[in-house]
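Chemist: Construct all of the structure, not just a fragment, from the sequences and the given hints.
Spelled out, the chains give:
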Amino acid sequence: MTDIIVGILAFLGTIFVFLAAVGMVRMPDTYLRISVTTKAATLGIGLLLIAGAIYSNELAITAKILAIILFLLLTAPVSAHLIGRTSYFSGVKLWKNSVMDDMEGKYDTSSEELRSGFETDPEKSKPTKSSG
Amino acid sequence: MVDRIIALDLIITTGIGFISAYSILYDQPALLDVAMILALIAFLGTVAFTYYIQQKNKQ
Numbered sequence: 000m001t002d003i004i005v006g007i008l009a010f011l012g013t014i015f016v017f018l019a020a021v022g023m024v025r026m027p028d029t030y031l032r033i034s035v036t037t038k039a040a041t042l043g044i045g046l047l048l049i050a051g052a053i054y055s056n057e058l059a060i061t062a063k064i065l066a067i068i069l070f071l072l073l074t075a076p077v078s079a080h081l082i083g084r085t086s087y088f089s090g091v092k093l094w095k096n097s098v099m100d101d102m103e104g105k106y107d108t109s110s111e112e113l114r115s116g117f118e119t120d121p122e123k124s125k126p127t128k129s130s131g
Numbered sequence: 000m001v002d003r004i005i006a007l008d009l010i011i012t013t014g015i016g017f018i019s020a021y022s023i024l025y026d027q028p029a030l031l032d033v034a035m036i037l038a039l040i041a042f043l044g045t046v047a048f049t050y051y052i053q054q055k056n057k058q
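So the sequence lines, in the order shown, correspond to chains A and B. Numbering-wise, numbering that gives the first Met the number 0 puts 25 at position 26 of the first sequence, and it's gapless, one number per residue. Numbering-wise, numbering that gives the first Met the number 0 puts 27 at position 28 of the second sequence, and it's gapless, one number per residue.
No wet-lab data here; the hints were simulated from the structure. It cannot be assumed that every hint is accurate.
[Claimed, not checked] Which chain A residues stay away from chain B? Per the calculated CB distances, all over 10 Å, these:
#1 I7
#2 K63
#3 L93
#4 W94
#5 K95
#6 N96
#7 M99
#8 D100
#9 M102
#10 D107
#11 E112
#12 S115
#13 T119
[Claimed, not checked] Here are the simulated lysine-lysine pairs, DSSO-like style, with alpha carbons at most 30 Å apart:
#14 K105(A) <-> K38(A)
#15 K55(B) <-> K92(A)
#16 K55(B) <-> K38(A)
#17 K57(B) <-> K92(A)
#18 K105(A) <-> K92(A)
#19 K38(A) <-> K95(A)
#20 K105(A) <-> K55(B)
#21 K92(A) <-> K38(A)
#22 K95(A) <-> K105(A)
#23 K95(A) <-> K55(B)
#24 K57(B) <-> K95(A)
#25 K57(B) <-> K105(A)
On a predicted model such as this, the values are computed, not experimentally measured, just so you know. For every residue, glycine included, the Cβ atom is placed at its ideal position computed from N, Cα and C.
Modeler: What follows is the structure in structure tokens.
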């Protein structure tokens with residue numbers, strides 16, 4: 000019974016990691032790549048590690064595995080946000096079929112100034128050139 | 000350039016999964032320590048590379 004559960008969980012985890020790898024190749028845009036690798040890889044690795052915890056059936060190993068999963072769940076969104084922020088500010092283009100770009104014209108690449116769009120001073124609320 | 004950082008992150012994450020599957024297959028749970036260190040290094044490497052790219056943009 001335990002072997003069947005471990006097999007199913009490890010299979011699902013492998014499928015998700017595989018989907019992350021396929022998305023890395025197939026996605027048209029840096030931002031979409033960030034999305035697919037972060038979500039799919041986190042879920043896939045989580046399922047694989049849970050399979051290991053069920054297989055070992057020991058408290059020490061389960062605690063270690065839970066620590067790894069907690070660390071991955073904490074750091075994956077932080078690193079994804081850092082990569083996305085860096086790529087937007089360094090001028091990586093969005094995909095041509097992207098629907099919306101909320102920060103378009105609000106970031107000045109020369110002075111590194113970010114506007115909110117609600118400035119009262121008309122001089123400051125002028126739209127800057129698009130940073131791409 | 001940024002795509003390579005994402006790819007490196009995915010490679011290290013896949014390595015963690017590989018180590019996990021190996022430790023199940025050959026019944027060696029001591030290898031999970033390596034997985035934990037790899038998770039730490041992946042986060043630190045991502046932060047360091049994005050920091051360098053930001054510093055390069057400022058120049």
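Chemist: A separate judgement is required for each hint: does it hold in the structure or not?
Modeler: Tested hints:
1. At the 10 Å boundary, the C-beta of I7(A) stays outside the reach of chain B, the nearest C-beta of that chain being 13 Å off.
2. Its closest Cβ contact with chain B, about 5 Å, brings K63(A) to no more than 10 Å, contrary to its assignment away from the interface.
3. Chain B leaves L93(A) outside its interface by the beta-carbon criterion, the shortest separation being 13 Å against a cut-off of 10 Å.
4. Every beta carbon of chain B lies more than 10 Å from that of W94(A), the smallest distance being close to 13 Å; the non-interface claim holds.
5. With a closest Cβ-Cβ approach of about 17 Å to chain B, K95(A) is found to remain outside the 10 Å limit, as its non-interface label requires.
6. Distance check on N96(A): its Cβ is at least 18 Å (rounded) from any Cβ of chain B, clearing the 10 Å threshold; non-interface status holds.
7. Chain B leaves M99(A) outside its interface by the beta-carbon criterion, the shortest separation being 21 Å against a cut-off of 10 Å.
8. Distance check on D100(A): its Cβ is at least 17 Å (rounded) from any Cβ of chain B, clearing the 10 Å threshold; non-interface status holds.
9. No beta-carbon of chain B comes within 10 Å of the beta-carbon of M102(A); the shortest separation is about 16 Å.
10. Look at D107(A): its CB is around 13 Å from the nearest CB on chain B, clear of 10 Å, so calling it non-interface holds up.
11. With a least CB separation of 13 Å from chain B, E112(A) remains clear of the 10 Å interface cut-off, as annotated.
12. Its beta-carbon lying about 21 Å from the closest one in chain B, S115(A) satisfies the requirement of being farther than 10 Å from that chain.
13. The beta carbon of T119(A) sits about 29 Å from the closest Cβ of chain B, which is more than 10 Å, so the claim that it is off the interface holds.
14. Restraint check for K105(A) and K38(A): the C-alpha separation of about 28 Å stays at or below 30 Å, so the hint holds.
15. Distance restraint check for K55(B) and K92(A): the Cα-Cα separation of roughly 18 Å lies within the 30 Å cut-off, and the hinted pair is therefore satisfied.
16. A C-alpha spacing of about 29 Å is found between K55(B) and K38(A), which places the hinted pair at or below 30 Å, so the restraint holds.
17. With a CA separation close to 19 Å, the supplied pair K57(B) and K92(A) stays within the 30 Å bound.
18. The suggested pairing of K105(A) with K92(A) holds, with an alpha-carbon distance near 15 Å, which does not exceed 30 Å.
19. With a C-alpha separation of about 23 Å, the suggested pairing of K38(A) with K95(A) holds against the 30 Å cut-off.
20. Distance restraint check for K105(A) and K55(B): the Cα-Cα separation of roughly 21 Å lies within the 30 Å cut-off, and the hinted pair is therefore satisfied.
21. At roughly 22 Å between alpha-carbon atoms, K92(A) and K38(A) fall within 30 Å of each other, so this suggested pair holds.
22. As the CA atoms of K95(A) and K105(A) are separated by approximately 19 Å, the hinted pair is consistent with the 30 Å bound.
23. Using a Cα cut-off of 30 Å, the hinted pair K95(A) and K55(B) holds, with the two alpha carbons roughly 26 Å apart.
24. Taken as a hint, the K57(B) and K95(A) pair is honoured in the structure, with Cα atoms around 27 Å apart against an allowance of 30 Å.
25. Simply put, K57(B) and K105(A) have alpha-carbon atoms about 18 Å apart, close enough for the 30 Å limit, and the pair holds.
Hint violations for this structure: number 2 only, all remaining hints satisfied.
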